[in-house]
Amino acid sequence: MSDAVIRPARVALVGNPNTGKTALFNALTGSRQKVANYAGVTVERKEGTVTTAAGRTLSVLDLPGTYSLRARSPDEAVTRDAVLGRLAGEEEPDVVVAVADATNLRLVLRLILELKAVGRPMVLALNMYDIAQRQGLRIDLEGLQQELGCPIVTTVATRKRGIEELTAKVDELVASGALSTDNTWHEPSAAEIRGAHREAQRILKAYVRPPERPDTFTAKVDAVLLHPLAGLLILGAVMFLVFQAVFSWAGPPADAIEAGVAWLGAEVGRLIPGDLLRSLVVDGLFAGVGSVLVFLPQILVLFFFIILLEDFGYMARAAFLMDRIMGVTGLHGRAFIPLFSSFACAIPGIMSARVIDQKRDRMTTILVAPLMTCSARIPVYTLIIGAFIPDRTVGPGFNLQGLVMFGLFASGVVSALVVSFVIRKVFWRGAVEPFLMELPTYKLPSAESVARNVLQRAQIFLSRAGRIILPLMVLVWVLSTFPSAPAGATGPAIDYSFAGMIGHAIQPLFAPIGFNWQMVVALIPGFAAREVAVAALGTVYAVGDAEANATALGVTLAHSWSLATGLSFLAWYIFAPQCVATLGVVKRETNSWGWTAVMFGYMVTLAYLASFAVYHAAVALGAG
Amino acid sequence: MHDLAAEARAQADEALAGSTRLSVARPGDRGVIVEVRADHAREHGVDVHELERRLLEFGFVEGARFELLHEGAIWKDPIAVRLDDMRIALRRRDAEDVWVRLDTAAR
Ligand SMILES: Nc1nc2c(ncn2[C@@H]2O[C@H](COP(=O)(O)OP(=O)(O)O)[C@@H](O)[C@H]2O)c(=O)[nH]1
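Here the protein sequences line up with chains A and B, keeping their order.
First residue of the first sequence: 121, per the working numbering; consecutive thereafter.
First residue of the second sequence: 2, per the working numbering; consecutive thereafter.
No lab work stands behind these hints, which were simulated from the structure alone.
Quick reminder that beta carbons are idealized off the backbone N, C-alpha and C, glycines included.
Any given hint could turn out to be false.
Stated by the list, open to error - To be clear about the criterion: a stretch of chain A counts as covered by chain B if any three or more of its residues have a C-beta under 8 angstroms from a C-beta of chain B, and this derived list gives those stretches:
1) 180-190
2) 194-206
3) 221-231
4) 349-362
Stated by the list, open to error - Subject to a maximum C-alpha distance of 16 angstroms in a straight line, what follows is the list of computed EDC-like cross-link-like pairs (lysine to aspartate or glutamate):
5) A:Lys325 <-> B:Asp85
6) A:Lys154 <-> A:Glu167
7) A:Lys325 <-> B:Asp86
What the hints assert, rightly or not - Calculated Cβ distances over 10 angstroms to all of chain B for the following chain A residues:
8) Ser309
9) Val409
10) Tyr661
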């Protein structure tokens with residue numbers, strides 16, 4: 121190279137799903153990557169940089185996996201538009217790297233033929249070459265290279281093999297000044313797809329000898345994991361274990377984070393003169409940061425399992441097993457994991473809805489995920505059930521309190537099913553899209569890639585969702601703090617605040633569902649998070665440290681609320697969107713305040729209707 | 002014109018004689034795909050030609066060998082099909098458009 125400055129180049133990674141594209145991207149760019157969103161869509165944009173041996177900087181774009189440039193989902197549309205250079209705000213790539221699973225070339229060859237029609241300089245990365253070699257698969261690389269007219273590099277992304285050769289080839293292409301030829305790509309018709317298959321078949325036959333030792337492991341494992349009965353039992357067991365882990369591993373660190381942030385806040389608070397400023401820092405900022413951080417352990421643990429199972433190849437099997445059940449609501453099997461995760465917490469559940477490639481299903485899943493009974497509702501349920509439902513056995517082995525708790529969980533699930541059915545009817549006019557999904561071969565996940573992906577989720581949550589959640593938390597604090605109580609006030613301070621004023625003002629609206637003004641006031645700080653409702657009720661009823669002193673609060677409530685009111689409050693908490701963090705994540709994942717508003721609106725409406733029905737039924741039965 | 006079309010249709014039907022829809026196959030069935038034809042009135046949420054192209058893109062193409070590997074626990078749906086060297090899961094309703102000829106030995 122004689123140029124004094126070597127021109128940087130743009131590289132786009134394109135390939136089928138499950139070909140190791142993410143692993144290759146990580147091997148190329150290491151920690152020099154940035155995750156953001158494409159302008160205007162919810163698709164994740166991953167870009168990183170790598171310097172070639174010749175000193176050229178490559179900025180590498182990891183595009184969503186696809187089987188065709190004929191995009192079927194928003195993710196695939198991004199891939200198509202990026203490759204075609206049509207994506208708003210994106211420069212077109214100088215070189216396309218087609219990533220292929222060397223052991224599974226048929227479908228990707230068809231994609232490569234499409235990419236060739238686009239006419240950009242291209243390098244083919246034959247990934248998973250270790251597996252191909254282990255199977256004794258013979259590929260005539262020289263011949264294939266000639267046939268396809270593009271350089272081929274064999275790679276093992278998980279062991280970073282072939283990475284330098286790949287960047288060297290890209291470098292060569294750019295240095296040689298290879299230019300795009302005319303773009304002749306258009307949406308292929310059915311006849312053209314058939315033709316491309318014949319062409320791919322011919323190429324396969326000519327240059328690829330079938331494996332001597334084909335993979336039999338996947339078939340053996342599938343015989344068990346996809347067995348109609350054993351498969352479901354194992355899925356149940358896996359989910360149970362994941363759940364156990366979320367509660368037992370994430371619980372203690374979450375408590376520690378809460379305590380740690382509170383302690384730090386108090387320490388910092390000592391240094392701050394002036395009550396108001398101190399309260400802003402301690403109760404507003406620190407509590408706000410704490411309430412964001414407290415989700416981290418759950419996100420880390422849940423995503424650890426989700427990504428581990430995904431990389432192993434099990435997630436597609438779980439989707440297969442659950443597809444028929446999910447299908448009752450019009451959702452696909454892929455929606456199962458996000459909804460299931462939402463039993464721990466809707467936030468990782470909503471974040472994991474990304475595995476669903478159809479936009480409609482993704483939106484529906486996100487919208488109903490908060491109806492699943494998350495762990496933050498349990499303290500509220502426990503408090504109210506303890507105060508109002510007698511602890512007595514009904515029938516053999518059934519406890520009335522336990523039954524009510526079960527009923528609350530079941531109401532969440534049933535309403536999620538009904539709501540997703542309605543969403544489909546209202547927003548998507550009842551359409552059910554076809555469900556086609558590759559079941560990838562099982563692979564040993566690589567620890568490094570799992571760790572990297574888990575940390576990436578955490579980072580996305582903190583930097584992007586946190587940015588929405590924190591200001592909302594501070595807003596909730598401002599509402600419950602200002603104006604402060606006048607000197608010599610007798611009632612609790614919150615009563616004089618905006619929250620108090622709002623609570624009193626809208627209390628008439630809540631009278632038909634049996635809420636008194638104390639409850640309405642408590643709902644406002646309760647937006648911070650569902651379990652905060654316990655503390656908030658403690659504040660308005662002036663029961664010191666309500667969380668530690670739940671029994672005392674329960675006794676107070678039992679005296680001041682009727683049974684109908686207690687039940688109505690429970691019904692409210694099944695549905696109401698009392699969680700700012702969830703709203704923040706929905707905004708971030710849907711990239712739209714509109715959808716966030718739809719969710720908020722329908723949940724408040726359902727909560728109101730349910731409480732209304734429960735309250736009046738209970739009053740009619742003499743529990744008023 | 003019309004006669005030609007009818008004739009072509011008749012020929013196609015003849016070629017399909019002895020074939021069945023993939024949607025009625027059972028685990029263990031093997032055979033070859035004889036036609037992917039999106040022509041029935043079932044509501045798929047996408048138009049029938051789109052479904053045909055999707056099936057083709059996943060490798061459901063005339064001449065491909067298949068084996069039905071697994072079926073779901075509930076209503077035996079969806080199904081997992083081995084196509085050459087891949088495994089694809091799909092619902093029976095979407096498999097209706099795939100016509101296959103079963104190897105007689107398999108039954
Ligand atoms: N043995 C082997 N496994 C790989 C290789 N590349 C990726 N994998 C594994 O294949 C699985 C899918 O990889 P991933 O990068 O998530 O695929 P993507 O869906 O194309 O992004 C993961 O379990 C990876 O660890 C490779 O070259 N060799």
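Okay, the hints, checked on the actual structure:
1. 180-190: Satisfied; 3 residues make the cut.
2. 194-206: Coverage by chain B is violated for the segment 194-206 of chain A (0 residues, Cβ < 8 angstroms).
3. 221-231: Answer holds; 5 residues pass the 8 angstroms Cβ test.
4. 349-362: holds (count 3)
5. A:Lys325 <-> B:Asp85: holds, 13 angstroms
6. A:Lys154 <-> A:Glu167: Satisfied, since the Cα-Cα distance of roughly 5 angstroms is no more than 16 angstroms.
7. A:Lys325 <-> B:Asp86: Holds - the C-alpha atoms of Asp86 (chain B) and Lys325 (chain A) are around 13 angstroms apart, at most 16 angstroms.
8. Ser309: violated, 8 angstroms
9. Val409: Val409 (chain A) clear of chain B: closest Cβ-Cβ about 43 angstroms, beyond 10 angstroms.
10. Tyr661: About 49 angstroms separates Tyr661 (chain A) from the closest Cβ of chain B, which puts it past 10 angstroms; holds.
In summary, the numbered hints that this structure violates are 2 and 8.
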